[in-house]
Amino acid sequence: MEVPELGIVSSFRFAWRQLTSMRTALILLLLLGVVSIPGSLIPQRTQNPMRVREYFVNDPTLATWMDRLSLFDVYGSAWFSAIYILLFISLIGCVLPRSFEHLKVARALPPITPKNLDRMEFHHRWSGSGDELDLGRSWLVSKRFRIREFDGAISAEKGYLRETGNLFFHLALILILIGVSFGALFGMRGEAIVNVGERFINIPTTYDSLSYGKLFRDQSLPLFSLTIDNFEAKYSPLTNAPQDYTLQVTVTEKPGATPVKRIIKVNSPLSFGSTNVYLQANGYSPIVSVRDRTGAIVLQGPTPFLPQDGNLTSIGAIKVPDSDPQLGFVSAFLPTASRDKVRGAISVFPEALDPKLLFSVWRGDLGLDRGVPQSVYRIDTSKMQKIALKSLKVGETYTFAEGSITFDGFVPWVNLQVVRDPGKIYALFGGIVALLGLLASLFTRSRRIWIRSNTSGEVEVAGLAKNSAPGLENEIGLLIAHLRKVGE
Amino acid sequence: MTDSSWAYLSNYLVYSAMAVYTLAFFAHAYETAWAVRAPEVDAPGGNLLVKTFDYKRTEKVARVATAFMILGFLLLFIGVVARGISAGRVPWGNMYEFSITGALAFCGAYLFTLRKYDLRWLGLLVSIAVLLTLGTAITLLYRPSAPLVPALKSTWLIIHVSAAIVSGGVFLLANIIAAAYLYLDSMEQRGERKTWAKRLPSLEVLDQLSYRLVAFVFPLWTFAVIAGAIWAEHAWGRYWGWDPKETWAFITWVAYAAYLHARVTVGWRGRKAAWLCLFAGSTFLFNYVYINIWGTGKHTYSGL
Ligand code: HEM
Numbered sequence: 001m002e003v004p005e006l007g008i009v010s011s012f013r014f015a016w017r018q019l020t021s022m023r024t025a026l027i028l029l030l031l032l033g034v035v036s037i038p039g040s041l042i043p044q045r046t047q048n049p050m051r052v053r054e055y056f057v058n059d060p061t062l063a064t065w066m067d068r069l070s071l072f073d074v075y076g077s078a079w080f081s082a083i084y085i086l087l088f089i090s091l092i093g094c095v096l097p098r099s100f101e102h103l104k105v106a107r108a109l110p111p112i113t114p115k116n117l118d119r120m121e122f123h124h125r126w127s128g129s130g131d132e133l134d135l136g137r138s139w140l141v142s143k144r145f146r147i148r149e150f151d152g153a154i155s156a157e158k159g160y161l162r163e164t165g166n167l168f169f170h171l172a173l174i175l176i177l178i179g180v181s182f183g184a185l186f187g188m189r190g191e192a193i194v195n196v197g198e199r200f201i202n203i204p205t206t207y208d209s210l211s212y213g214k215l216f217r218d219q220s221l222p223l224f225s226l227t228i229d230n231f232e233a234k235y236s237p238l239t240n241a242p243q244d245y246t247l248q249v250t251v252t253e254k255p256g257a258t259p260v261k262r263i264i265k266v267n268s269p270l271s272f273g274s275t276n277v278y279l280q281a282n283g284y285s286p287i288v289s290v291r292d293r294t295g296a297i298v299l300q301g302p303t304p305f306l307p308q309d310g311n312l313t314s315i316g317a318i319k320v321p322d323s324d325p326q327l328g329f330v331s332a333f334l335p336t337a338s339r340d341k342v343r344g345a346i347s348v349f350p351e352a353l354d355p356k357l358l359f360s361v362w363r364g365d366l367g368l369d370r371g372v373p374q375s376v377y378r379i380d381t382s383k384m385q386k387i388a389l390k391s392l393k394v395g396e397t398y399t400f401a402e403g404s405i406t407f408d409g410f411v412p413w414v415n416l417q418v419v420r421d422p423g424k425i426y427a428l429f430g431g432i433v434a435l436l437g438l439l440a441s442l443f444t445r446s447r448r449i450w451i452r453s454n455t456s457g458e459v460e461v462a463g464l465a466k467n468s469a470p471g472l473e474n475e476i477g478l479l480i481a482h483l484r485k486v487g488e
Numbered sequence: 001m002t003d004s005s006w007a008y009l010s011n012y013l014v015y016s017a018m019a020v021y022t023l024a025f026f027a028h029a030y031e032t033a034w035a036v037r038a039p040e041v042d043a044p045g046g047n048l049l050v051k052t053f054d055y056k057r058t059e060k061v062a063r064v065a066t067a068f069m070i071l072g073f074l075l076l077f078i079g080v081v082a083r084g085i086s087a088g089r090v091p092w093g094n095m096y097e098f099s100i101t102g103a104l105a106f107c108g109a110y111l112f113t114l115r116k117y118d119l120r121w122l123g124l125l126v127s128i129a130v131l132l133t134l135g136t137a138i139t140l141l142y143r144p145s146a147p148l149v150p151a152l153k154s155t156w157l158i159i160h161v162s163a164a165i166v167s168g169g170v171f172l173l174a175n176i177i178a179a180a181y182l183y184l185d186s187m188e189q190r191g192e193r194k195t196w197a198k199r200l201p202s203l204e205v206l207d208q209l210s211y212r213l214v215a216f217v218f219p220l221w222t223f224a225v226i227a228g229a230i231w232a233e234h235a236w237g238r239y240w241g242w243d244p245k246e247t248w249a250f251i252t253w254v255a256y257a258a259y260l261h262a263r264v265t266v267g268w269r270g271r272k273a274a275w276l277c278l279f280a281g282s283t284f285l286f287n288y289v290y291i292n293i294w295g296t297g298k299h300t301y302s303g304l
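Here the protein sequences line up with chains S and D, keeping their order. 2 is the number that my numbering gives to position 2 of the first sequence; each next residue is one higher, with no gaps. 174 is the number that my numbering gives to position 174 of the second sequence; each next residue is one higher, with no gaps.
Hints listed in this document are in silico derivations from the structure and should not be mistaken for laboratory results. Please note that a few of the clues may not be correct.
As the list claims (entries may be wrong) - In silico DSS-like links for lysine-lysine, alpha-carbon gap of 25 Å or less:
id : chain 1 : residue 1 : chain 2 : residue 2
1  : D       : K153      : S       : K265
2  : D       : K153      : S       : K261
3  : D       : K116      : D       : K60
4  : D       : K116      : S       : K466
5  : D       : K272      : D       : K198
6  : S       : K234      : D       : K153
7  : D       : K116      : S       : K143
8  : S       : K158      : S       : K143
9  : S       : K393      : S       : K234
10 : S       : K466      : D       : K272
Work the whole structure out from these sequences, hints included.
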């Protein structure tokens, strides 16, 4: 190995040359594949926070260590980023100079014919009749070869598109990366659960969860609002699998605009510029009225419940902080109620054919004032006392010592996902260019053919196929047949 | 015809295709046992890959075997189409359907390559692979025909999945050839080839062939990944989310890109290249089998 001179400049140059070498690029490429494996086997926080939490519960020490190594967030981790950033630096370092080189080559003539053609592939020699160069020239020109003549020899080349395509492919990979980063920096993504009949306004406080790119500003949220008019879900009576979801909304694009009716489906989001609204999930919100001892209403309305299975067996928490003492209903909603030997009360079909609300009633302190964020689907019963267990059908009321609860009905809810990604268009464009470049590069045969005719009438033909592309032998066979006027 | 009679028809066709592939298997076994080594042929202007071995003694059986392969392909093709008609959609909704279509694509890739290169020596392996795939599909993965869940209702499903399945078929073929390369190579390193192996193509030809197959489908696989990203953007609101299925599609892509690089720019040939090819192919299989059945994530449509 070459020993580099000391000194910052030269060691930098040495590092740069190493980094942009083909071998390093290949290793980095393979490495990128290998390091993306753990993220597909270990649950990731961005996709499956529940399973990550399980790791912490089951083995806290191990989980803490895994967390230190970013194993729950592989694709955002420093080491993953380091590898792809190095790869792309290497790519830029190699491809940009090559592009300039190619620009020059693409306009230049092919290099002159080498002296010793017999060292080349498919070399043939015979004594000719003197008109071979003319015949050869017209044949090569008609096949759109680029030609250079020098000293009784023709040098012809074809297939420049291969290198052009290859360069475009690699440059497009850079464009894809730019698109991805742009989207991550200037985008946003949020989710909100909205009951049918309610209105969603696109401001930060209406979201259940919301995350911004580092350079996103609040004012960039387009001020649209949606009213959920209707949600219809169709299920297969045979397999219980969903067949169709249709969400009807009334949209106001900006304050003061005339509302229009629109439809959102799973594969067709609603678009406002680079912001899209997706239909992501659905469930039920039971509607209850809770009264205190005097009969005064202390809570009324729908509460979204969280589905637990494909038949929408849902759990939820109805919290009544304004009664005295505070009340909590740890509940389950079953759209089509049935009993299972193992799981107890479950739903057997996702449509509400025989809806039931099951709950246990708790009294005491809901713990909402302690400042610790609580799940809306669960109740912290550590400071509470269970006083009853009951199941109700729609319209029924259950009365207990502290008051009563009436199961008034239910509405579906939908989970709207709002995404803004201004970079995706660049990524898409990059993808298309990469594909076209790849096709051009892989399906263009790049080759050279030489013909030489010396003064004694001897003719030589030879060729060179770059990347050992097939077919040159045939082509040269045809050329020779033409020069020797075989079969014409 | 009603939906369920189309579904029955599809099942019968898949069974008949299996019967025909079994016949193809026996015919190939026969010609594998009795064909002889070819004299070295120099074929000016002809393709070197064509004429490396000799079927003189078994030509008839080899033809019969290929005819069975084609018949099996046609039966399976109609079977897959009938399955689609019975469900009123493209037949790519669960793992049973992916598998029968995958077997179809694999056999199709073999027959298509056969038009240009004499690959009949591979027929035995191809018929075994198709029979195994169809066998597991029918016994372990079978699900009654049913409509699609909403997330799968998209034109991009047709585009993405068909591209992915065809790529898979060709990757598998390239893999089998790379495996044959490694096997024959280690046989040659121990001495001369065994008699039965003498009629198989030279190592160099195998090396080239698996490379060409990969170079041929790599753009299609690239397209499949892009189409998947576009569809994910429509259905889930992000075009890339490092879902396990996506991650492994990416790994497969990177691995094959590395393979092409290693060949074109670093000049890898032979054993090293064949191992890399096998590695890349196994990431594809892993994605199909493991992630579909045991994986979590949004892509688990196996219906199991
Ligand atoms: C890191 C820096 C990279 C460098 C320096 C580089 C350089 C090259 C070079 C010189 C070629 C040869 C083209 C030819 O001679 O025909 C090539 C081909 C190719 N590269 Fe890269 N590349 C890099 C990264 C990548 C990446 C990240 C990918 C995709 C994952 C990729 C995929 C390909 C493919 C598919 C080919 C085509 C192979 C063929 O022509 O048969 N490259 N690259």
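Is K116 (chain D) within 25 Å of K466 (chain S), Cα to Cα? holds, 22 Å
Does K393 (chain S) pair with K234 (chain S) here, judged by a C-alpha cut-off of 25 Å? holds, 23 Å
Next pair to validate is K116 (chain D) with K143 (chain S); report whether the Cα-Cα distance is within 25 Å. Holds. K116 (chain D) to K143 (chain S) sits at ~24 Å (cutoff 25 Å).
Is the straight-line distance between the alpha-carbon of K272 (chain D) and that of K198 (chain D) 25 Å or less? holds, 23 Å
Within a Cα-Cα threshold of 25 Å, do K466 (chain S) and K272 (chain D) meet the stated pairing? Since the Cα atoms of K466 (chain S) and K272 (chain D) sit roughly 21 Å apart, the hinted pair holds (cutoff 25 Å).
Under the criterion that the straight-line Cα-Cα distance not exceed 25 Å, is the pair K158 (chain S), K143 (chain S) satisfied? holds, 9 Å
CA of K116 (chain D) to CA of K60 (chain D), is that 25 Å or under? holds, 19 Å
Assess, step by step, whether the Cα of K153 (chain D) is no farther than 25 Å from the Cα of K265 (chain S), and give holds or violated. holds, 10 Å
Is the hinted pair K234 (chain S) and K153 (chain D) satisfied, with a Cα-Cα distance of at most 25 Å? Cα-Cα ~14 Å, so holds.
Within 25 Å, alpha carbon to alpha carbon, are K153 (chain D) and K261 (chain S)? Answer holds: K153 (chain D) to K261 (chain S) is near 23 Å, not above 25 Å.
Of the numbered hints listed earlier, not one is contradicted by the structure.
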